[in-house]
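Colleague: Here the protein sequences line up with chains F and V, keeping their order. The numbering used here applies: residue 1 is where the first sequence begins, and numbers increase by one. The numbering used here applies: residue 1001 is where the second sequence begins, and numbers increase by one.
Please note that the accuracy of each hint is not assured.
As the list claims (entries may be wrong) - Computed cross-link-like contacts, DSS-like style, restricted to lysine-lysine with a CA-CA straight-line distance of at most 27 Å:
1) F/K77 x V/K1051
2) V/K1080 x F/K22
3) V/K1148 x F/K22
4) V/K1115 x V/K1105
5) V/K1115 x V/K1035
6) V/K1080 x F/K12
7) V/K1080 x F/K75
8) F/K12 x V/K1148
9) F/K77 x F/K22
10) V/K1035 x V/K1105
11) V/K1035 x V/K1113
12) F/K12 x F/K77
13) V/K1105 x F/K75
14) V/K1113 x F/K75
15) V/K1035 x V/K1051
16) F/K77 x V/K1080
17) V/K1080 x V/K1051
18) F/K75 x V/K1051
FYI, nobody ran anything at the bench for these hints, they're computed from the structure.
The primary structure of each chain is shown beneath.
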Amino acid sequence: MEATIALSLDLKGLSCPLPIAKTAQAIRGLQPGELLEVLATDPGSVPDFQAWSRSTGNSLLEQTEDAGVFRFVIKKKES
Amino acid sequence: MSVAVVEKPAVKPVAAEPQGGDRVVLISCSGDLEKVWATYIIATTAAAMGKDVMIFHTFWGFLPLVRDDVGTFGQNWMQKMMSRMNHGGISHMKLSQMNFGGVGKAMMMRLAKDKHDASPRELQQMARDLGVRLVPCQMSMDLMGITKDDLIEGVEAPVGAASMLAEAQGAITLFI
Chain F
1 MEATIALSLD
11 LKGLSCPLPI
21 AKTAQAIRGL
31 QPGELLEVLA
41 TDPGSVPDFQ
51 AWSRSTGNSL
61 LEQTEDAGVF
71 RFVIKKKES
Chain V
1001 MSVAVVEKPA
1011 VKPVAAEPQG
1021 GDRVVLISCS
1031 GDLEKVWATY
1041 IIATTAAAMG
1051 KDVMIFHTFW
1061 GFLPLVRDDV
1071 GTFGQNWMQK
1081 MMSRMNHGGI
1091 SHMKLSQMNF
1101 GGVGKAMMMR
1111 LAKDKHDASP
1121 RELQQMARDL
1131 GVRLVPCQMS
1141 MDLMGITKDD
1151 LIEGVEAPVG
1161 AASMLAEAQG
1171 AITLFI
């Protein structure tokens, strides 16, 4: 069963550091365990989201690419 | 004769020892556009990564804390003259190379806009939203005759080098 996305962010066209910075701002509004979906086109966001996830403890559940658009599904860490 | 009261130092739990990765101290010493820009890119990213970030603004690196609409600052003619030649305000920074009287800068800003890169001013706002602490150097402020009224909102009280060094202990520290 797929968990429900609590919030989706369209960050297509933005480049470093905006995808990460805006994601960090948005995830503040979520409850622990809720899912955040992020769409981005910055190729640098792929390693950056992995590093951000490792560093903050918010897990990167999914990472896919479709026609140049990267989709990340992040689960906010339990506090 | 005065007697110093010595307080027993609190016992530090070993587990709470900073790993050098929880806090970031950036020393903004340059008013060059590209360095100010990089400073705020690193600051916003570090804050986004959950780190406690402080930027210590000193010498020309102080100027990004001045409001864009402050034309002249300073109390005496030398400070005023300096402020005319070296404008304060994060939107008025110049490139260290290839500025070409502002043409190079205009091209750089245009390219950044086309690429949807955030401008230094936008990043500064974002840094504040993400809880980055903007700290002015007291000595630079006095040297240039800058008053609190010349500063942007959300700037902390000015401090000296000792306060910055105390913050820098055990933190990732970059001098930019």
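Colleague: Does the structure break any of the earlier hints, and which numbers would those be?
Modeller: Per hint list: 2, 3, 6, 7, 8, 13, 14, 16 and 17 violated.
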